[in-house]
Structures are given as C-alpha cells and as structure tokens.
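Chemist: As a plain string of letters, each chain reads:
Number of protein chains: 2
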Amino acid sequence: MTDISPLFGRVAIIGIGLIGSSLARALVEYRLAQEVVCADRSAEACAKAMELGIVATATTDLADALEGSELVVLATPVGSFAEVGERIGPHLRPGTIVTDVGSVKQAVLRDVGPHIPAGVHLIPGHPVAGTEHSGPESGFATLFEGRWCILTPPPAANPEAVAKVEEMWRRVGSKVELMEANHHDRVLAITSHLPHLIAYTIVGTASDLEESTQSEVIKFSAGGFRDFTRIAASDPIMWRDIFLNNREAVLEVLQRFTEDLTALQRAIRWGEGQHLQDHFTKTRAIRRGIIDARQA
Amino acid sequence: MTDISPLFGRVAIIGIGLIGSSLARALVEYRLAQEVVCADRSAEACAKAMELGIVATATTDLADALEGSELVVLATPVGSFAEVGERIGPHLRPGTIVTDVGSVKQAVLRDVGPHIPAGVHLIPGHPVAGTEHSGPESGFATLFEGRWCILTPPPAANPEAVAKVEEMWRRVGSKVELMEANHHDRVLAITSHLPHLIAYTIVGTASDLEESTQSEVIKFSAGGFRDFTRIAASDPIMWRDIFLNNREAVLEVLQRFTEDLTALQRAIRWGEGQHLQDHFTKTRAIRRGIIDARQA
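Protein chains in written order, with full-length UniProt numbering: chain A, 1 to 296; chain B, 1 to 296.
Keep in mind that the hints were calculated from the coordinates and are not lab data.
Possibly wrong hints are sitting among the right ones.
Derived DSS-like pairs (lysine-lysine); straight-line CA-CA distance at most 27 Å [what the hints assert, rightly or not]:
1) B:K164 with A:K282
2) B:K219 with A:K282
3) B:K48 with A:K219
4) A:K164 with B:K219
5) B:K164 with A:K219
6) A:K175 with B:K48
7) A:K48 with B:K282
8) B:K164 with B:K175
9) B:K219 with A:K219
10) A:K175 with A:K164
These numbers were taken from a predicted model, which means no experiment stands behind them.
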C-alpha cells in the first residue's frame, strides 16, 4: 500500500547485536527490504532474534543467510571481519552489495576487501549511533534517526551501489557523509575512540580503589563520573577490536592528549591559575560549536 | 497557610550564580526562609537577580546583606573564600550559621574558619548538583532534588546548627551525608574533579586540531566526545579554584589514572587484545553498581 518500492529484495545481516538488530528492525519498519534474515554464530542470539520477531529467519550458517541476498550487512565486531570475509566470499554472487557497520574503516578494506569476488560491491559504512547496551534485545528501529552515517567507498566503487546504500541510511533517518577511510579513522579516533579509552581508564582507576571508597564513588557519581561509566559500559569485544584496528590513529591522538594533560597537571602542581582558567575558557568554544551544529 | 514554619528568618546568599540562585529559588519555593537576600560583587548579577525576582534585595555591599541574617551561604568560587571570610567576619553576630556550597571542603575550614567569631557556627556543605550553565538566570528550584548534599562539620560543631543545615537541604529535596572534609576531598577528586580535568583536556586537544578536522569533530561528536564537551563547558573560574584548592587529592588520583592509561596504551601498541578485553569487562561492574544505587 506504499508507493515507495523496497530498495532490496532479501537482506542478510551478519551479527544480530545492538546495531544489527536495530537495522533489521528499521529495514522492516520502513519497508526497505522484502525480507530480512540474519546469521549469528550464537544460537542463543538467533533464537532471541526469532523470538523478538525482527527477522524472517535466523541461522548460525552463513551460507544459508547469504542465499539470494542482494545486500549483506556485516555487523559483527571488527576483529572478526577477516574471518567472516573469508567465509562469505565463496557465496557472494555478482551484483550483491556488501556493507558493514564497523567503527573503523581502513580495516574493512584490508580484511574484507581481498575476499570480495569480481562484480560484488563492497561499500563500507559506519552509522555513528549506539547505546551502552548490547545484544539483539537492545536494538530499536529509531536508533539511526538524525544521526550521521559515514560511508567510505573505495575510489573505484560502483556509483549505483554507493547510491543504494546511501539511500538505505537516509530512509532509516540518517544523514549521510562520504569520506576516505583513512580520514574517517583519524576523525573518529578523537571523537569516539579516545573518549571511550579514557572513560574505560578512569572507571578502571576507580574500581581499583579500596572497597569503602568505591561505594562512595558510586554514591556520589553524579559529579561527572557517572557520564564516564555509561560510556565505559559499552561492549568490551567491540571496543577491543576498535582499538586493535585503529592503533596508529588512536596512539597519535592519545599522545597529544597525554601532553596536554601533563601540562594541566603541571599547572595544578605549581598553582598556575591563569593557565588553568585560559584552558577552561577555550574549551567552551567547542561546546558552542556543537550546540550550533545541533549535535548537543 | 502551611503548617511547616520557615527554618530561617533572613538568609543571605553570597554569590548569585547557578548554585546560589537555585538555592535562593528553592528557599522561597519551599518557604524555608522568611526573606532571601543576596550579595554579589557584580552589579550586573545583582540587577539580574532582582529582575528575575528570586531575592528580596540584591546588593554589592556584603555588610548590607549580612545585616540581620540568620544563615549566610557562601556560593562564590572557592578561591574567593579567604577574602570573603575576612570581609564577612566582623559583621557576623553570635548565633549566625555560615555554610557554603563549594566543591572542596578542607579549604573552607582553612580559609573561612579563622574569620568566624566565637558563637558563630561554620557548617561547610557541598550539594553534588549542577549543570554546565552559569549565572543567576541558569538556576532553578529543583536542581537539588534527589541529589546528595555532603556536610563536613568540624568535630566541635554545634549539633543544632548542623541539624538545621541538614534540614534545609532535605527540604529542598536532597539526601544528606556527613563526612570528614579530608575524606570528602578524596572521594570527589575521583568522582568529579578528575572527570572534569580529563574532559577539559580532551576538548582542548580537539580544539588544537587543524580547523577542517575540528569542524568534523563537532559534526561527529555523538560518538562519545559530546558528553565530554558538556562537562568541559562548566564555569572556568569555579574549576580553576577547585583544582588549586584540592591539589594533593587531584594529583594523587591523576597519577593513578595516568599509570592505568599508560598500561592500556601499551596494550594497544603491542596488540594485547586479552588485556584490553579484561579491562573493558571489569568496568561494567561499576556501571551496574551505579544503576543499582539509582544514580544513573
């Protein structure tokens, strides 16, 4: 009864976690696919996906899920991409589009690229969206609404395939930006990877305190710490893989961060009030930029 | 028409910023004072407070505000406490209660304590509440609802004066906890001061990037960075003073944090996935604690 025809026939989602299950829900809700199926190496996750009714079929057999799929979405942790690529390669038929939702993008070209047969289109993507929750039960169809999705197609990518993936993200509510994988990884290292690393660190530091202090840290967490614990509750495997696969860019911004922190530490030690005040004033400008860009 | 009599006659709030103006509003709204007046060294802030109608009178003359006040609340940046203490001392009459809302507590006893005449009760306090906004126009009466307020009365403090300050915070909706000033400063160093220092640092690091990258950092800030910018938009003078006045405790937790960050940095450099995963899993427990304590 809608005049918008589905973008895809069958869509296979590989890995039915928070992002995979959210996309599955959105594809169904916005009628962007005739059928959505999923594969997950966890039989439990498959059963959950079926129980939730978010896919037509769920299987632990990759080949079954790929059969007849026009679009394949990799939504497993980035560290599994080399293996998943190797296993899906032989089952991909010409014309199929393969995309992903990983938080690092050079690694996709490196790990999945070599397994993509001629005539199959690899269009890597990264929806900048998520929550601190994991698993198929945590997903929801509106997760991508108003959020950015960054696509990093290689220079020789098929323009029609790029346009189709772009259209899919737009129809689930996202704003789409195209950039080079290398540039993506540098930008996200500062906007996402470093913040997560720091949040994981400080929460770890707190959890090493003696137990009595720890319970007070929890009690009085509203002073700023609480925001870090939310970030540091994100999926451990996903984040392990992000850091291992964006090593250079993360180490580079981490070095800058450490230098800056050391300078502030020195200012505190020597009582350099003006230095602190100047720094704390400067950072307000970035916040204003975010509010102006309606990203707050 | 209420059967709860006001706790105080006249209350003087010194410094009518976010916290001072919120408390002024709450004291009026919950009828905890017969009259609320304020003093602020900024004539502009005084005019704003009058325009907003949150105080009966606003003055730049400290002595005027103290005249006849049963309770005096210091709500200026902590770095001004020594000077403010010196100036209010001669005008305090026996029986007056002096409290504050500063984020560090040993410094209050050190800087204000010596100026308090015999028979005047100094009961330092810290409402663990706030937003990233500053100034009298940013306050609101419900700011303290459901939040903790920590009181750090010295051992010899008058129990009735402590009870009255405690009662005031309870009636504006807070939960109250008593602890030693020294312990307060150590706990808050990790739950609030270190998170702010780190947020200020990372936002500063981002603002030093070349301009093209900076606009993308703003654009894609939803990946974690955004939460840091909110924290790093807090009042620069207030935070300068907190770091200068809780130097030892901040430097101590900062040292622990830096060691932990260096260990994670090393794990990333050498590809030690298991180390990263173990750390990222451990931090989830603290988040669960916060959710269980209903502080999330």
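Chemist: Could you tell me which of the hints above the structure violates, numbers in ascending order?
Modeler: Violated hints: 1, 3, 6 and 9; rest satisfied.
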